[in-house]
Structures are given as structure tokens and as C-alpha cells.
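Make a model of the complete structure from these sequences and hints.
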Amino acid sequence: MLDALKDVIRKSSIHVCLINTGGCNGCDIEVVALLSPRYDLEQYGIYVHNNPREADVILVTGAVTEQWREKLQRIYSKAPEPKIVVAIGNCPLSGDVFNQEGSSVYAPVSDFIPVDAEIPGCPPRPSEILAAILGVGPDAIAAKGRQKP
Amino acid sequence: MSSVIWYLYEFARKSWAEKFAAAKTDPEIMETPSRFRDFPEVRKEYCIACGACTAACPAPMAIKLIRSSDSAEEEGATYPVINHRGCIRCGFCAEVCPTDPKTILCGENHLIREEFTILPVDKMFIIDDYLCIRCKKCLKTCSQVAGAISEVDNKFVIDQSKCIGCGDCIKNCPVKGAIKGIYINHVEEQKDIINLVVDTLESRIEEDQEKIKKLEPEEVYKIDLPMDDLVKKAREIIRNDEIIQDTIEKITDRLKMRILTWDDEKCNNCRLCVDDCPSGAITYDEEKGVQRNPDKCLRCSICYQTCPFGVAGFYVARFLFSGTLKDGVIHITLKPSQLPIRS
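Here the protein sequences line up with chains A and B, keeping their order. Heads up, the first sequence is in this note's numbering, so the first residue is 2 and it goes up one at a time. Heads up, the second sequence is in this note's numbering, so the first residue is 9 and it goes up one at a time.
Hints are computed from structural coordinates only; laboratory data are not their basis. Remember, it's a predicted structure, so these values are computed and weren't measured experimentally. Worth double-checking, as some hints may not be accurate.
What the hints assert, rightly or not - Straight-line distance between alpha carbons at most 27 Å, and here's what the computed DSSO-like set of lysine-lysine pairs gives:
id : chain 1 : residue 1 : chain 2 : residue 2
1  : A       : Lys-7     : B       : Lys-188
2  : B       : Lys-179   : B       : Lys-258
3  : B       : Lys-27    : A       : Lys-12
4  : B       : Lys-334   : B       : Lys-188
5  : B       : Lys-264   : B       : Lys-343
6  : B       : Lys-199   : B       : Lys-304
7  : A       : Lys-12    : B       : Lys-32
As the list claims (entries may be wrong) - Just a sample of chain B residues kept apart from chain A, beta carbon distances all over 10 Å, derived:
id : residue
8  : Thr-33
9  : Ile-56
10 : Leu-73
11 : Arg-75
12 : Asp-167
13 : Gly-189
14 : Val-239
15 : Cys-275
16 : Ser-330
Glycine included, every Cβ here is placed at the ideal spot set by N, Cα and C.
The structure is reproduced here in C-alpha cells:
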């Protein structure tokens with residue numbers, strides 16, 4: 002009974018934290034486009050907080066630079082359970098154009114924190130990001146919430 | 009006060025309340041438009057394994073050439089594989105793909121091929137060595153801008169890979185026509201305009217044939233041809249006045265037209281010309297006598313030099329275009345040829 006109630010609440014209200022680990026900002030702009038009235042993320046009950054302590058979903062963009070290796074793990078540990086990580090764009094998946102020979106990027110992000118969903122594209126369309134968050138987010142959070150004792 | 013009442017009225021409406029309660033993004037916005045350039049589509053049966061796509065790809069992990077293992081019947085095929093986690097959907101691989109049909113499809117840009125030119129300019133500049141007086145004015149001008157003109161074997165040439173198409177060399181050239189700016193695009197249309205102008209000039213001269221026949225050896229015959237009809241027809245071929253004017257100027261500058269007249273009354277049917285004619289344009293018939301077929305005629309002037317009775321008249325016409333397309337005229341100057349008559 003209590004679990005069912007928790008599920009409903011977890012599914013209908015998702016708080017999101019956006020982390021740019023050293024990309025070109027293109028994906029961040031697409032996320033901002035999601036917040037705009039045209040796509041209107043909040044109609045689905047998703048709120049962007051940029052505070053990992055309040056976040057259910059961590060959106061990661063960027064190719065993980067030297068400075069971000071430690072910080073990324075620290076931010077991840079600060080987010081409360083249940084939490085999921087969505088990697089947006091090609092940078093957190095492969096390093097994209099930054100992953101040249103001799104460059105100091107440490108992609109993929111999955112080397113540092115567990116990634117639940119991947120959205121390829123450089124940058125992905127806002128509708129692709131939205132579809133990924135909605136497709137993975139609510140159920141994954143609810144499932145993770147049930148796992149905990 | 010009135011605006012407050014308007015707002016109250018607006019909020020009280022049922023349709024507003026329904027929209028407010030169920031606010032959703034328009035589904036059309038969420039759909040991907042057809043013009044969107046998605047990940048490349050690979051059709052591996054066309055691949056020739058040239059590797060152009062891997063060389064053009066800006067992302068290190070996006071594209072790899074793969075060779076499938078050989079079977080007993082045939083060798084394994086080579087084809088590119090796109091890694092979606094690295095691909096940035098730029099479409100470069102599809103643009104460089106040399107196969108026809110394309111192995112890689114991405115967006116629509118790479119399908120546009122006729123209009124594609126590596127030159128950012130619409131004119132190509134060349135130096136006419138025949139007219140060049142080697143004053144080096146273009147060389148000096150260009151060395152300050154692009155450095156594309158150089159001297160090779162006592163000739164001046166423009167390096168097309170360096171030329172930026174500014175046209176400064178033409179402005180400084182003291183000889184008309186020594187440097188030419190040629191329009192690269194619309195070649196077929198330019199050919200059509202040239203044909204149109206030449207045909208028009210020829211038919212205009214044809215009209216005055218009777219007067220031309222009566223010209224004295226040293227006399228010059230002049231006609232002014234107005235541009236109205238010509239420009240109207242040229243605009244039907246291409247709607248670009250710059251190209252029309254440029255083409256007309258260039259051909260009237262260099263065009264030298266040979267005109268051959270034929271005076272049947274003077275002919276005595278001696279048939280000297282029939283054997284001399286290299287193209288067989290002149291024939292003899294028992295009933296009709298000696299006949300000339302203008303369509304076959306090369307205007308080589310051999311009949312004019314052969315005929316002892318002056319049946320054939322040979323004239324040279326030159327042209328000058330002055331003014332603009334609107335109120336310009338083509339001056340036609342025609343004079344009898346000074347070629348010696350053999351017989």
C-alpha cells in the first residue's frame with residue numbers, strides 16, 4: 002500500500018539535476034529548449050533543480066575532463082536514492098570529437114558512475130531527450146525505490 | 009477595470025479551464041520534421057571501400073570500415089559501419105561518398121550535385137595570351153590581393169586555386185578582352201544566347217542583301233540593330249541581365265562574320281565554281297542552271313575568287329555593342345572583302 006503510494010509520487014514528480022562535465026554546451030542548450038514553452042518539460046512533472054541533493058535524475062553532458070573525474074563521483078554520491086543517470090549526447094558516451102589522440106578527456110561517463118539511459122546525438126533533439134527521460138525515468142525510479150530495504 | 013473584467017470573463021470560460029487543466033505540447037512539435045538530418049543510412053552493396061568517409065569524419069569513433077569474412081563462393085564485402093555513440097550527424101561522409109548511387113545517405117545536402125562548385129565565385133578569370141601585352145599591371149594588382157597571377161614561360165597565368173574572384177585585374181587591364189571573366193554556371197544558356205545573337209545578326213544582314221550587292225569595292229555599309237527584341241528573347245533563355253550583357257559584349261567584340269551574296273542574273277553557267285566548291289554546296293542542273301545551297305555553304309570564298317562574272321559577292325561584317333541592354337545598339341559594319349580574284 003505504502004509502496005504503491007510512493008510509486009505514484011515518484012512517477013509523477015521527477016526532479017532533475019544537469020551536470021556539464023566539459024562539453025561544448027550544445028546539449029545544455031537543447032535541455033534549456035526543453036524548459037521553454039515550446040516543449041515545456043514541466044507539464045510532465047519534471048523539474049530542473051541543479052541541486053544534486055534534491056535530484057532523482059542526473060543528466061550528464063560533456064566528455065569528463067581532468068577536473069571533473071573526482072567531482073562527478075562526488076556529485077553522484079550526494080544525490081539521494083533512488084536515482085538514475087541519463088547521459089545526453091555523444092560526449093559522455095564516447096568523447097565525440099574531443100576524444101582525439103593525446104587529449105585529456107576521460108569518456109565514457111560509465112567508467113565513473115553507473116549510467117541507466119543513453120541518448121546519442123550531437124546534440125540530440127529536445128524531443129529525443131524528453132522521450133528518453135519519460136521512457137526510462139518514472140519506471141526506473143519506482144523500481145529502484147522498491148529495491149531498497 | 010475593464011481589463012480585469014475581461015480576464016474574469018476569459019478565465020470563466022469552459023474551454024480555457026479545459027486547456028489549463030490538460031496543457032500538453034502540440035504533438036506536431038514532438039515529431040521529427042522530414043528535413044531533419046538523422047544518422048547516416050548505410051547501403052553496403054554499393055561500397056567500393058575507398059575510405060573517403062572515414063577520412064572526412066570529424067569524430068574519431070563514429071565510422072569504421074569493416075570487412076566481412078570470406079566465404080567459399082566470394083570474397084567478403086567491405087562496408088562502413090556507423091557508431092551512433094560517436095556520430096555527430098554532420099553528413100560529411102555522405103557528401104564525400106563517390107559511389108553512384110551513394111553508399112551512405114544522410115540528409116539531403118549530398119544529393120544536390122549539379123549546383124555544387126568548390127569556387128565561391130560565379131566568375132572564372134583567365135588571361136588571353138593572344139591579346140596580352142605583358143604590361144604586368146595585373147601582376148602588380150594581384151600581388152597585393154591574392155597573389156594568384158604569376159609569370160610562366162613569358163606568359164601570364166592565373167592560378168585558379170588562389171584566385172578569389174575580386175575582378176581587380178580586369179579593372180586595371182589596359183587591353184579590352186585581355187583578361188576575361190567567364191561565368192562558370194549556366195554554360196548551356198550562354199551557348200543559347202550566343203546562337204541567338206549570331207542568328208539575329210545574320211538574318212538582319214540577309215534582309216539588306218539587295219543593298220549590299222550594289223556596294224562599291226571601298227564602300228562601307230552600316231546598320232544599327234536595336235536591342236529590344238534580342239534582349240526580350242535572351243531573357244526567356246535566362247533571367248540574368250549581367251550574364252546576357254556580358255555574353256553579348258564578348259561575342260560582338262570578337263565576332264567576324266563572312267557574308268556571301270549570290271547574283272543569279274550575272275551567271276553564265278560556266279560551271280567553274282561547281283568543281284571548286286569544297287562542300288558541294290554549288291550544283292548544276294540542266295533546267296535550273298547553277299544553284300547554290302546556302303545551308304551547305306562554308307563561306308570559304310573560293311567561288312568568289314573563281315567566278316569570272318562576279319556572281320558571288322564576298323563581304324566581311326564586324327560588330328560593336330555600345331550602351332546598355334535597355335537602350336544599347338549593335339553597330340554592324342560591312343565592307344567588301346579585299347581578297348584577290350584569281351581569274
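Hints, verified against the model:
no.	hint	result
1	Lys-7/A / Lys-188/B	violated, 80 Å
2	Lys-179/B / Lys-258/B	holds, 16 Å
3	Lys-27/B / Lys-12/A	holds, 23 Å
4	Lys-334/B / Lys-188/B	holds, 23 Å
5	Lys-264/B / Lys-343/B	holds, 12 Å
6	Lys-199/B / Lys-304/B	holds, 22 Å
7	Lys-12/A / Lys-32/B	holds, 18 Å
8	Thr-33	violated, 6 Å
9	Ile-56	holds, 27 Å
10	Leu-73	holds, 18 Å
11	Arg-75	holds, 22 Å
12	Asp-167	holds, 33 Å
13	Gly-189	holds, 40 Å
14	Val-239	holds, 50 Å
15	Cys-275	holds, 83 Å
16	Ser-330	holds, 58 Å
The structure fails hints 1, 8 (numbered hints given earlier, in ascending order).
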